[in-house]
Amino acid sequence: MSAERERREILIATIADLLDGIRHVAVGASSPIPAAGAMLLRARNELRGKPPVRISILGSRAHSFFTNGGIELFDCAAQGRVDAFFLGGGQIDGEGNINLVGTGDYPASQVRWPGSFGSAYLYHLVPRVILFREEHSPRVFVPKVDFVSARAMTPEVPRRGGPHALLTNMALFDFDREAGGFALRSVHPPFTPADIRENTGFAYQEPDVVRETPRPDAATLALLRGRIFDELAETYPAFARTMKQAA
Amino acid sequence: MTEIVTLESLAARVTPGQSLAIPVDGSGVAMTATAALLEAGVRDLKLICVPISGLQADLLIGAGAVASLETSAVSLGEAGAAPRFTAGIKSRAFTMRDSTCPAIYAGLLAAQKGVPFMPIAGIIGSDLLNVRSDWQVIDSPIGEARKVVVVPAISPDVALFHAPEADRDGNVRIGRHRELADLAYASKRTLVTVERIIDRNLLDGEDSAAGVLPSLYVDTIAVAERGAWPLALWDEYPADEAEIARYAAMARSEDGFRAYLSAFLTHRRQVA
Chain A
0 MSAERERREI LIATIADLLD GIRHVAVGAS SPIPAAGAML LRARNELRGK
50 PPVRISILGS RAHSFFTNGG IELFDCAAQG RVDAFFLGGG QIDGEGNINL
100 VGTGDYPASQ VRWPGSFGSA YLYHLVPRVI LFREEHSPRV FVPKVDFVSA
150 RAMTPEVPRR GGPHALLTNM ALFDFDREAG GFALRSVHPP FTPADIRENT
200 GFAYQEPDVV RETPRPDAAT LALLRGRIFD ELAETYPAFA RTMKQAA
Chain B
0 MTEIVTLESL AARVTPGQSL AIPVDGSGVA MTATAALLEA GVRDLKLICV
50 PISGLQADLL IGAGAVASLE TSAVSLGEAG AAPRFTAGIK SRAFTMRDST
100 CPAIYAGLLA AQKGVPFMPI AGIIGSDLLN VRSDWQVIDS PIGEARKVVV
150 VPAISPDVAL FHAPEADRDG NVRIGRHREL ADLAYASKRT LVTVERIIDR
200 NLLDGEDSAA GVLPSLYVDT IAVAERGAWP LALWDEYPAD EAEIARYAAM
250 ARSEDGFRAY LSAFLTHRRQ VA
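Chain order of the listed sequences is A and B. Last residue of the first sequence? That's 246 in numbering that gives the first Met the number 0, and every number before it is there in order. Last residue of the second sequence? That's 271 in numbering that gives the first Met the number 0, and every number before it is there in order.
Derived from the structure by calculation, the hints contain no laboratory data. Among these hints, one or two may not hold up.
What the hints assert, rightly or not - Cut-off 30 angstroms, straight-line C-alpha distance, at most; resulting in silico cross-link-like pairs (DSS-like, lysine-lysine): (1) B:Lys112 <-> A:Lys143; (2) B:Lys89 <-> B:Lys146; (3) B:Lys112 <-> B:Lys146; (4) B:Lys146 <-> A:Lys143.
What the hints assert, rightly or not - To spell it out: a stretch of chain A is covered by chain B in this simulated footprint if at least three of its residues, at any positions, have a beta carbon under 8 angstroms from a beta carbon of chain B; those stretches are: (5) 3-12; (6) 33-44; (7) 105-113; (8) 121-129; (9) 142-148; (10) 153-163.
Quick reminder that beta carbons are idealized off the backbone N, C-alpha and C, glycines included.
Turn these sequences into a full structure, and let the hints steer you where they fit.
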């Protein structure tokens, strides 16, 4: 269990780093790790005297300031007031397209996932979309998705939004909007660049020397295991409980 | 005028073949009324989830009450995938109309404003445009020359939700859950279950009035205590996590689902 906790803590700390500099981050449904990352950034900025961070966690009472109903997040994004958001995918391809619908022929998919949520819209409108998918395998990271819930690049229309990075259980990639693909930034210990090659079904840029993803420092861990998991418990009680029990 | 009736009478207002709009889990889901609908044998529903659903949609699908489903997702959240939705997709048990959250709100907004469609940002490049023949990409007729997606108005026959309280005039407190107003504005009829009816008029006083859905938009109200259970109702009560997890496990099989449904309906009769 403690290995599992460490794995999650690296992800949460990496997310906080990826969000650095933003003013407002929104977090969608069923996303405890991104929510914890956003909370970590907020707490850290507070402690370091850096500009405050607004967080909107869907489904939370305490960590959302919206008063205009479910539409407000989407209106807010259209107005350019949401700097960062998280999207996942049952499949994600090398061009950054995501599939939240299913595999095989639509509509009677072989495997059916919940659905596209707000992805088709938010991918166009939120500048820093972090793709987050824990499972790192060739069945997730495919050459071409079976169904495009949301497309990463659409030169035919102006857009401010799109993928910024891809974070998995094994590695962190940057998305290069000029080249239209991913570049490996770092690999989480104990994995190696060869593990990433073996488990990624799409082509990506790999630097000559691949860094290791840094482990969170002691101060970050203390903050996480105290304040952050307490804050998280309101929206994600089961997840927060597991993390607290392991600590 | 808004009528205040028994739960059974409220459930009888939903007839087979109607389109039924429901809110997202935690917003105020009328679960007890859903049990009453199933007991009354509702079927062939055109279910519209605003903008997603979980347990409520999965129960209606599993019970065979849904003919078509318009939603941006069906998921049980922390409890995992919605088993009857997933099984129903495989067996083509209903017509699936995949959407994306803001497109559902945009469709409701068109109905609210009495116009046939609403333009909406984004979406271009998504395969949703290939499977939703009722959505179109047009050249914007006004302003910057660019493509824009338009979606048709969504005007549900019935909206159904649960809220903490209504007053005797039929005004319903929705607090900051404005999506419940969006549902009601767009729908032909709105049915609301509440924890309680209060004597004070909710429109008296600036503090409460802004968080009220006036009775003009509310057709029928019934009392259902703990009417969102096992889902959460705002600050009134949290979700019953263990019950939802139990559902998620049982509904993996058709037999397990039948057993759960039977107990769920019995539970309603016992607390009624």
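Against the structure, the hints:
Between the alpha carbons of Lys112 of chain B and Lys143 of chain A the distance comes to roughly 40 angstroms, so the proposed pair goes past 30 angstroms and is violated. At roughly 35 angstroms between alpha-carbon atoms, Lys89 of chain B and Lys146 of chain B are farther apart than 30 angstroms, so this suggested pair is violated. Note on Lys112 of chain B and Lys146 of chain B: the hinted pairing holds, with a Cα-Cα distance of about 23 angstroms set against a maximum of 30 angstroms. Proximity of Lys146 of chain B to Lys143 of chain A is assessed by CA-CA distance (about 25 angstroms); at most 30 angstroms being required, the pair is judged to hold.
With 0 residues having a Cβ less than 8 angstroms from any Cβ of chain B, the stretch 3-12 of chain A misses the three-residue criterion, and the hint is violated. Under the rule that three or more residues need a Cβ within less than 8 angstroms of chain B, the assignment of the stretch 33-44 of chain A is violated, with 0 such residues. Against chain B, the stretch 105-113 of chain A contributes 7 residues with a C-beta closer than 8 angstroms to a partner C-beta. That satisfies the three-residue criterion, and the hint holds. Note: the stretch 121-129 of chain A has 4 residues with beta-carbon separation from chain B under 8 angstroms; the three-residue rule is met and the coverage holds.
Closer than 8 angstroms: that is the beta-carbon criterion, and the stretch 142-148 of chain A has 3 residues meeting it against chain B, so the requirement of 3 holds. Coverage of the stretch 153-163 of chain A by chain B holds. Counting CB-CB distances below 8 angstroms, 6 residues qualify, and the rule asks for three or more.
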